[in-house]
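Undergrad: So the sequence lines, in the order shown, correspond to chains B and H. With this note's numbering as the guide, the letters of the first sequence map in order to residues 1 to 221. With this note's numbering as the guide, the letters of the second sequence map in order to residues 1 to 90.
Quick caveat, the hints were computed from the structure, so don't treat them as lab data. A few of these clues could be false.
To be verified - Pairwise CB distance ranges (calculated): (1) H:Leu43 to B:Asp80: 56 to 66 Å; (2) H:Met36 to B:His82: 48 to 58 Å; (3) H:Gly57 to B:Ala185: 55 to 65 Å.
Said to hold, decoys possible - Computed far set for chain B versus chain H, every beta-carbon distance over 10 Å: (4) Ala22; (5) Met43; (6) Phe46; (7) Thr54; (8) Met60; (9) Ala119; (10) Met125; (11) Asp161; (12) Ser166; (13) Val194; (14) Tyr198; (15) Ala203; (16) Lys210.
Here the structure is a predicted model, which means the values were calculated and not measured. Backbone N, C-alpha and C define an ideal beta-carbon position, used for all residues, glycine too.
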Amino acid sequence: MDLAFIANNAPLLMEGAAMTVALAISALLGATIGGGVVASLRMSRFRPLRYVGTGFVELMRNTPILVQIFVLYFGLPTLDVHMTAFTPAVLAMSLQNSAYIGEIYRAGLESIHPRQREAALALGMMPGMALRVILLPQALRCVLPPLGNQFIIIIIIIIKDTSVASTIAIAELTQASKLLLDRSAAPYETFATVALIYLAISAFVAGVLKLAEWRYPVRVS
Amino acid sequence: MTAAMLISSGLYLAQGALVTIGLSFGMIAVATVAGMLLALLRLYSWKPLGLLAAAYGLVARGVPLLVLLIGSYFACPTWASTCRSGWSWC
Chain B
1 MDLAFIANNA
11 PLLMEGAAMT
21 VALAISALLG
31 ATIGGGVVAS
41 LRMSRFRPLR
51 YVGTGFVELM
61 RNTPILVQIF
71 VLYFGLPTLD
81 VHMTAFTPAV
91 LAMSLQNSAY
101 IGEIYRAGLE
111 SIHPRQREAA
121 LALGMMPGMA
131 LRVILLPQAL
141 RCVLPPLGNQ
151 FIIIIIIIIK
161 DTSVASTIAI
171 AELTQASKLL
181 LDRSAAPYET
191 FATVALIYLA
201 ISAFVAGVLK
211 LAEWRYPVRV
221 S
Chain H
1 MTAAMLISSG
11 LYLAQGALVT
21 IGLSFGMIAV
31 ATVAGMLLAL
41 LRLYSWKPLG
51 LLAAAYGLVA
61 RGVPLLVLLI
71 GSYFACPTWA
81 STCRSGWSWC
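Next up, chain B with everything else stripped away, as it sits in the complex (with noise of 0.2 Å):
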């Protein structure tokens, strides 16, 4: 064992750590917001966006998260738009995950009865207002366990999906490892200390989570 060698070098882990951690915030973010025009698309009353909002869905749930990467990391410069590594990373990662999200909002929303939106249209709400007063609170409410149990899930793949970004040279956590590998030989002792980093940014967030869940509970009445 080389703990020394660890710890030299806990500058450079811990960079890629926050790069990591950076990358999927902004996933994240990217996702929570990009999920509701999923849902949005898919819950339309306008058939050509449904499908649309289909064909994204299975589009971005059975390809790879490394080939969307590439796709667009590569795919980009070709129509001469050109960026940083972390924004094709952040954008297929958001991408991905929207779809995921997406179907989760879709899924609590559709948890309700219809007859409730049907209901608040015949009182005179707009459709808006409905979603808003009438079928939001309500699935919230009721679907916002399970559902946040799957929410967890997602933001824990996105936390480790943030790997893949080593392979377009993004300087996080694996690409900091893969960089202490070259430099040494000490594979056992940099991938078991990654590792436990991975795992305790996870147990943080899960930790974090269930605190909240916990801390405030979602009345069902």
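Since the structure of chain B is provided, determine the placement of chain H on it from the hints.
TA: Quick look at chain H alone, frame taken from chain B:
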């Protein structure tokens, strides 16, 4: 031009797809059996073994696949002197 390139490299891509399918089936087979084994260990075995299985599950699910892949690939040569990538590594 790109389409012509795709057609000419189609055979190559098809070979890659075959490897993908083969790997997938192999992994599904191994994972199904190993998953059953882990579940049995956690439920019905000697308690320390069950905890070990639980810890394995935590690590395997919490660490990115890429890290597991690179880690095991590079840690192997220090284990055994002969190490090949492919079906029979280590």
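Undergrad: If any of the earlier hints don't hold here, list their numbers in rising order.
TA: 3, 11, 12, 13, 14, 15
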